[in-house]
Amino acid sequence: MNPIHHPEPSMELDDLKSAWQSLDARLERQYVLDRQLLWDHRIEGARRHLRPLWWGQLAQMLFGLACVLLGASCWNMHGDQWPFLLAGITVHVYGVATMIAGGITLGLVSRIDYGAPVLGIQKQLAKLRRFYVRSGAAVGLAWWVLWVPFVMALSGLDGTADAGAWRQPWVYWSLGFGVAGLLATLWFHRWARSPERPRLARMMEESVTGGSLLRARARLEEIERFERG
Amino acid sequence: MDNATSEPATIARRISAADSPQQRFAALLEQHRGIVLRIAYGYCRHPEDRRDLVQDIGAQAWRAFPSFDDTRSRFSTWLYRVALNVAISQVRNAARHQRHHADLDDEAIAALPDPAGHGHDEGDAAIRQLYAVIDRLEPLDRALMLLYLDERSQREIAEILGISPSNVATRIHRLKQRLRGELA
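Listed in order, the protein sequences are those of chains A and B.
When we follow my numbering, the leftmost residue of the first sequence carries the number 1, and every step to the right adds one.
When we follow my numbering, the leftmost residue of the second sequence carries the number 1, and every step to the right adds one.
In case anyone wonders, no lab produced these hints; they're calculated from the structure.
Be careful, since some hints might not be right.
Claimed, not checked - Here's a subset of chain B near chain A, in silico, CB distances under 8 Å, partners left out: (1) S67; (2) V86; (3) A143; (4) I163.
We put the CB at the ideal spot given by N, CA and C, even for glycine.
Pulled out of the complex, with its shape left as it was, chain A reads as follows (with noise of 0.2 Å):
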């Protein structure tokens, strides 16, 4: 004689088969219904799927190849000027850095193989985000302080410019704003996401980098855990 009562019957894994089976000659019969769908659009869709990531990185790329050229023509104008060189070769080496990211970034996508292991894949597309928002961020944050020697570049394309009108407090005061400014950003990102500060944390885990960083991080530790076993 059993002592314990169940009044319902507690299911297990395998009960859970019988009932999965059951759905799925259900799918069957509703697929007649379904069929079309996978064959409207699908290269289409395809495409639109990459469409906004590749047409970005191209831009920035794009944007860099534009700074570059900036970049080396004032230096290049201007070699005898330490401010414009100064400027010019930040310019520059912004300007590949760009380039480098968006085209590190098109090579990670490309290479992404969905027919490849589902650990793998997702493992890659945890670092390709990553790096995407990462890069992302630091392209943009740069400009606390670029938009300096971005100004002084453009305008030693003068060829007659002269370097002591930049050698004033102002431009230096402009710098400093710019470190200070980039620094409490970086402060307040961090602040911000504190527990202790519920309301604000979930807002910027919304924002596109905190909650981006954090979930490719959550990701990847969920797929490290899933592989120790």
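Given chain A's structure and the hints, the job is docking chain B onto it.
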């Protein structure tokens, strides 16, 4: 369900070497459409999300088809990989949107005809319980469970997920233990 052992013979009847890649792909996908539909039902509750996912899987499979090598893996294994990779990515990217976390679409379940002729209540309750279990799992565990429910061998699950067969056995054992606790 797709029977792995009968796959080569069945495909051979439908696909010839003279077929264009598109015809070959179409025939293979038609043969294995159940995989796409089951994965879509396993990962999406909302009918529109499911529709999007089915289309995305078809699109990505077509895009990745040139890299499919039938001497290295079976089409079903390859399609499982594509479908799971797309589904996991979609479910993660969609996690922030309310629509994708809607409650069970009871109407959609009820609308599916029951081929065994059982009363809807009985079958629907089992499927709801199944969905409730699936929904509580993380995307990778969900993939493992769906493959297990599809009666894939441990070796094939290992091939699809990219982990060792012993790791598959360990994870299935843990999954069973966990579900036993949750379903008791």
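Going down the list of hints, with the structure as the test:
1. Hint status for S67/B relative to chain A: holds, with the closest Cβ pair at about 5 Å, below 8 Å.
2. A hinted interface residue such as V86/B counts as satisfied when its beta carbon comes closer than 8 Å to some beta carbon of chain A; here the least separation is about 6 Å, so the hint holds.
3. Taken as an interface hint, A143/B checks out: its beta carbon lies about 6 Å from the nearest beta carbon of chain A, inside 8 Å.
4. Among the interface hints, the one on I163/B holds; its C-beta lies about 6 Å from the nearest C-beta in chain A, closer than the 8 Å criterion.
Checked against the numbered hints given earlier, the structure satisfies every one of them.
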